[in-house]
Amino acid sequence: MTKRQMWLRFSAHLDGQLTLGVGLLLLTSLLILFSASDANWGRVGGQMLNILVAFTGLWVVANLPLHYLMRTALPIYALGMLLLIGVALFGDISHGARRWLNLGVATIQPSELMKIGVPLMMAWYFEKHEATLTWKNYLIATGLLIVPVGLIARQPDLGTALLITASGFYVLFLAGLSWRIIGGLFVAAIASAPLLWTTLHDYQKHRIEMLFDPSQDALGKGYHTIQGMIAVGSGGIVGKGYMDGTQTHLDFLPERTTDFIFAVYSEEFGLIGNVILLAMYGFVIYRGFIITAGASTYFTRLMAGSITLTFATYAFVNMGMVSGILPVVGVPLPLISYGGTSMVTLLLGFGMLMSIETHQKLNKS
Amino acid sequence: MSVVATLAASPRESRTLSMKRQVELKNHLREIFHFRLRLAVGFAFALTLLAIVLLRLVYLQTVRHSYYQTLAESNRISIVPIVPGRGLIVDRNGIEMAHNYSGYTLEITPSKVADLEATLNSLGELISITAKDRKRFKKLMAENHDLGSVMIRNRLSDEEVARFAAQQYRFAGVEIKARLLRDYPYGDKAAHLLGFIGRINENDVAQLEEKELEGNYRGSDYIGKTGLEQSYETELHGVAGIEQVEVDSAGRAVRLLSRTAPVSGNTLVLSIDAKLQEIAEQAFGDYRGALVAIDPANGEVLAFVSRPGFDPTLFIDGIDTQSWDELNTSLDHPLINRALRGQYPSGSTIKPFMALAGLTYGTRSPARTISDPGYFTLPGSSHQYRDWKAGGHGSVDLFKSIVVSCDTYYYGLATELGIDNIFNFLSRFGFGKKTGIDLQDESSGLLPSAAWKMKRYKQIWYPGDTVSVGIGQGYSLVTPLQLAAATATIANNGVAHIPHLVKEIRSAGSNESRQVNNDVGVDLKLNPEHLALVQRAMAAVTQPGGTAVAASAGAPYHIAGKTGTAQVVAMKQGEKYDASKIDERHRDHAWFIAFAPAEQPKIAVVVLAENGGHGGGTAAPIARKVLDYYLLGKLPTPLKAPLAEKEVAHD
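Chains as they are written, first to last, in our numbering: chain A, 1 to 365; chain B, 1 to 651.
Pulled out of the complex, with its shape left as it was, chain B reads as follows (with noise of 0.2 Å):
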């Protein structure tokens, strides 16, 4: 027996004793059974798999041959998809800031060209091909995997279109199509704001696999890829339609079976003033810098500015290396949104929350004076913290410690309620945190703790720390936006909203629309004195002896504000600088922090200009410019020459 000869022969079974041998070889034999038993088991098992399979084959290939046969063999139906039309992006009056135009773009489909360099140069007596055109076209080739056509110009003219349908016959492989191009009729004035489109890349067909949406992107083109666009893009892109064409034995289309129309993105009706945008915009002249104007009422962001801005169009079809170079290495980084990622220090604008703390948790009440030398020490430290007046504001309690942003007041106030008390405040109102606004890649600036040092630098938190974070310098960042929903809530008497963009989406068939926001706000639960005593003294930060007096000159609504200086302590990211510009790039960032009317305000606004020197002097300005056309209507005069102002030397 087979069996008894194989164990015989292994050596382990060898050395084992008789007797043993003779109990060992019965189970084993009773193991062999049952191991049998178990595989054919596992034969029958998988011969059932089999079965089933040509049982489903059988089904298929008779029952159901008929049906098939007339899916594929009589009827060969090609699935063709069709793009849908592009949402478009309105702002609150229903003013146009993205739209589509039919327009015509060349094509060529290399596989069915023999000499690409001869057509194109061929193409390029009919119709003018620029170095940039060919340049992008190769970038596009490169990319282009599924072997279909590939643009090499856009934007075709009528003539142009005419020229070449003339001459069609001697270019083979070459079209021309119609296509839904997207334009943005504000160009740079809201870049940021709005983002734009491109062309859909690898790295986006992975995302739209890994969402299970690559079918309703067969044949799409473009994808959002910063601001709205991007944050939106499900609602904007809108869903497929399907056509099923009959198509011959060599694949060409002879008959429409059935159509499923595709449905239009949905527009997206902004809370944005598309003309106060402007206005904003156009204040900033040449300054860099950012503004956010909120309704403090329900967190609808009214401007939103980052400048310099940028031209979206140049992305559309892929950047050219040429316009990316000039702008990715410019000193002004104008691709960067400074609204929403940029970083600063605040300065004195986080002076009135500050006092807010400290009436809260009854550091300081409010007829509490101190006695202002011009600096502050610490307890047992010879460290002068200076104050930015020389000599000092005197006699200074909370109400004037912010008309005349004192501050040694500040320096005080902060050691008292540390550190702790101060990050639990202030994070209530947002700060260190993203504000949730309907953009994507938002930063969320810094609001340092003792815990974050300890992480970050591995160090204990200094009483020191605490001083400079109390005037918003130290480690503390914040970002435009963050700054403007703090601003807004003190503005809506300490009911926070989450800054949105966008208020409804509208369905492009119908005239349905849906609120995007159900935000009813949050509560911070201050008390009503403590935030009208702030908000007083903010009022008269721009009545005399204010440190914004210039600001609301002739104004007949009273605004309150906040001027704040961020100090440029070094340069970044080692840019090359450009001798003549130095000094003009070391300058103070300057902030004003505003909402009007003072006593009923239906907006707040917060201005940053970089390098502009001191708040009151260049971010108030711009400021007052937005609140005039707000509230008044009124369109701003021609930009004066900037007026020295004498009585403010500082902040």
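Same shape as in the complex, but just chain A (with noise of 0.2 Å):
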């Protein structure tokens, strides 16, 4: 094998418009990671490892033919039904939440899995009974949402539940649910929203309350929001420049790495990074819907839809907390935060919207 065919046969697979978008964003990673970090090789080494697990993860799933992928759908989902029950069971506890399963060699977020499990199960069920689609199909793959989400709330992981529970949506959405029950789940969900209130746990509750006012809690949670938006704020049009936001360097952003990574951004790079942030998100959304927009079976188009639009949901959340518009939920800024198991979890999705794209091209040829 020559040079050129090894490099063929490796990214034979692999989307070059979609490679390029995320591996602009992972480079806007290591860039601002090495920053927010005080200048520390470690974290950025260590993020080029997750990075390197990730990236090896989605080659794998791109170069799956499509029948491999829909075979693991039920399986994945069954296994990540039993982790989260045994989480719900003998979970670790850890600041209060029962989220961990310690399994001896290593301890998991089961949550974690069925970022990818919920969708992936909803599209097979709906591929399986595509010639004969009744409403009660409908009622069954909502359930098969609503059971992973009820254990996820539970634990109590709030942010991870919805989340889903968004994914899980889009399923149903581009499954072509009924606008009607679209309307009425919406009215529902703003009219229940009074009575979700109650059930809410008191620091669920907190959180929410301290959007409306974050000087209530200056010292907790509320520090968080204000130091965030401060960082944002007086970032500016240009920015403060790399590696000089004091609020970054000054100690008073907290998590700055993982989930307040976008403040370091805003701050050093201001309002014109953030338009070219945007953009680099806008491109990679763009061309999932792109590739889901060209799939050719069902179970591929409510994938790929998914997909693109959870990803379009993560970011969003991340920065609408950041800039304090959404309460702080623990989402971390899709491709550019520090951490293993969301970058693991993103690019296994982005590796079967490439295998979507590439398989179809060769079928076609």
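Derived by calculation from the structure, the hints in this document are not laboratory data. Don't take every hint at face value.
Each computed DSBU-like pair below joins lysine-lysine, with the alpha-carbon atoms no more than 30 Å apart [unchecked claim]:
1) B:Lys433 <-> B:Lys211
2) A:Lys205 <-> B:Lys225
3) B:Lys211 <-> A:Lys205
Assembling the complex is the task here: the two chains are given apart, and the hints tell you how they should meet.
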């Protein structure tokens, strides 16, 4: 094999545009992590390792033919449910919530697996019943969504539960859930908000209240929001310059390599940098929609659409939280925040998009 | 058309009939159209989300830019927490039982020190640093996550402070800090009651985060760990203040911008009488045990003793391993709160309650007598349940059964009542349940029932089990606190109060105070004649012919009481036994429950002396000292050698 052949073999199932968009975001991640961690190569190296592992996953998934992808739906979902039940029964308690399962060799957070498992399972289910879809199928698909979400919400991990609900809802929406029901759900959600409020944990209520008046708890949870908004606002149009953010480098910003990394970026690169960042996200999302539009089977259409829309939602929730329009929920900025788990989940998703795109092309030719 | 091509390539499709295929193709195209419509809506939605973020960012970074610029750039404001002073704990007369004093600590910031070992050694030449201090320092350093300073010495003397200050230039990263330190003037004499504070550890942090209180604890080092310090943590801690300080680009404070003063923790006013507490502690001498004294009229706890005690200040900055091992492996178990958590057979102290049960259910009338041969047998069985007095007490009615503590009477009574009635009646007095006192981790004792035994041992309840419950042996266990609350209920003519230690909570700044206890009492609705009979019999216990006559000798008031003996059945926990001590630790536990004056009770007291032998001999004299002080203000004379008491051989 010549070098060229090897390269062709390596890149055969990588989508060029998507790889470009994701790669740019990952480079941005390394760049801003270096500043956010006060020039700590350890953090940057750690993130490189995360990317390497996650990218390997992406490559493997991208090379899987579509019918293999479909076959994984049921086992992944079943495993996820098993682990979630395990967490509910035997999970480790950390910070008052039961989210982690200690398997002896490693502790895992099964809710992360379900971020892919739930839409995968739902898309698989719709594909199986494509020819004879009735309202009953939608009801069952909703059940496939609600049960794991309920378990996750009980941990309690409201942030993840809501995001998985979103990804499942996107599958339902793309599968053709009637507009009337969507409208009804929307009205019901607004109407039940006061009721839902009473079922929230105190700390969850607290975070929502904090959104309206962060100064209430200026030393506690409100501190995150206040400092994040100061960082973003003081960045101005052109930013304070790379490595020169005072909020970041004088230790005012909490969790600045993980959930609040967007504040660091905003402070140092300003509105111009933000427009570029949003453009990069926009490009990745756009490419995701193009792949979805060309997907050939019911399963791949639903899956690709859900992955793309969920990615957009993650980015929106994190940036909204840092800039003070959403409550502080523990959602990292996709592809930018430091962390291995979310990186793997996201790149596996993109691997699926690439598999959908590239295997189809091969079929056509 | 690409869609057609794709469909044609699909093997599933190619197998279908051509007619049907035409229809499906049409449907499929329509489906694709609908899907793409939906997808377009989805794309628009995603763009809207990004647009919302963009609008928000434009707003923050242009319109509001100068506002945040002021906050961040020209005024780099650092928010510094100010730790509030911890609330005091005072007794009912205002005597301080826990307070703060300002003291100096020597602290090291490890990240600023190049060679820690060398620094410690040269510090040791200036200021005494013991091996214990070093061990504690290492432990604290391992727990230190926020890279702040770590204490190496506390309670520096003025001289030590001066000596270090003169040499400070030599020690970068070492500084003296003024801190408010906690002190417990009563030392080991109220340790189980007050508890202690200790350094906030990871567990505490997790709990604070769960309650969303971590903001208020920013800067705080200590939190209540046991006793009242723990159960009233939120009252005692106070509200942290906030200082907004302008810092320069290096992070140094330049100017104070605003200050919200901290609010000191509230003062707990206890119902405890500190002097009474002290007398009670001393009255135990070398005995291990517990004492609880309660005002029957309202449930206020007047003294709360668990012996032996321990020095609570040892725990504040992390106890060193050696002291910990000594306390933890001691045969005397000084860290166990016996009054709250110790579970013992009640022995004969249960008899007044059993008598009330018999009267209430009509199983025994006051006049009915039994003839006591010195033992009891169940019908159809030859097994003899022995009375403590060989040969028996002769003819015994209910009154006499309490005065002489006749076992045979209660064997029969319990058998006739049956375990269900006993369970129902005794649980009204709070046996088998937590009393609800304002301390955490209370034990609930054990009031056995048929259902309990089935659950616990998978066995049915045998009539023989009921017999021993009648005299407070068998499965039943009580805590000294439970027994005290129940005794107070008899003294208060059947109206039960929840025992409580804190009378009122006083704000530190103003003189506002609020009563903690709104308990109006629960009337057990007992027949007043029954109660009066039992109370009279208990008063006769301390009169000639009773089991505790020595306890009331020379008292100018009447004491109503009941003695008890709890058998020590087996050694627990595989302790290593010192051969010379085995005998002593096999001895029975001595109980005495009492209230006085018998006619108009002002105080109810329960004493447990572990391995004290019989109640009349060891437990009752301890109770007497407490009663004498509380009712007469009389201080106890120095302890005399216990007299041999011939008239009561047992119980």
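Of the numbered hints stated earlier in the document, which are not met by this structure?
Hints that this structure does not satisfy do not exist here, as all of them hold.
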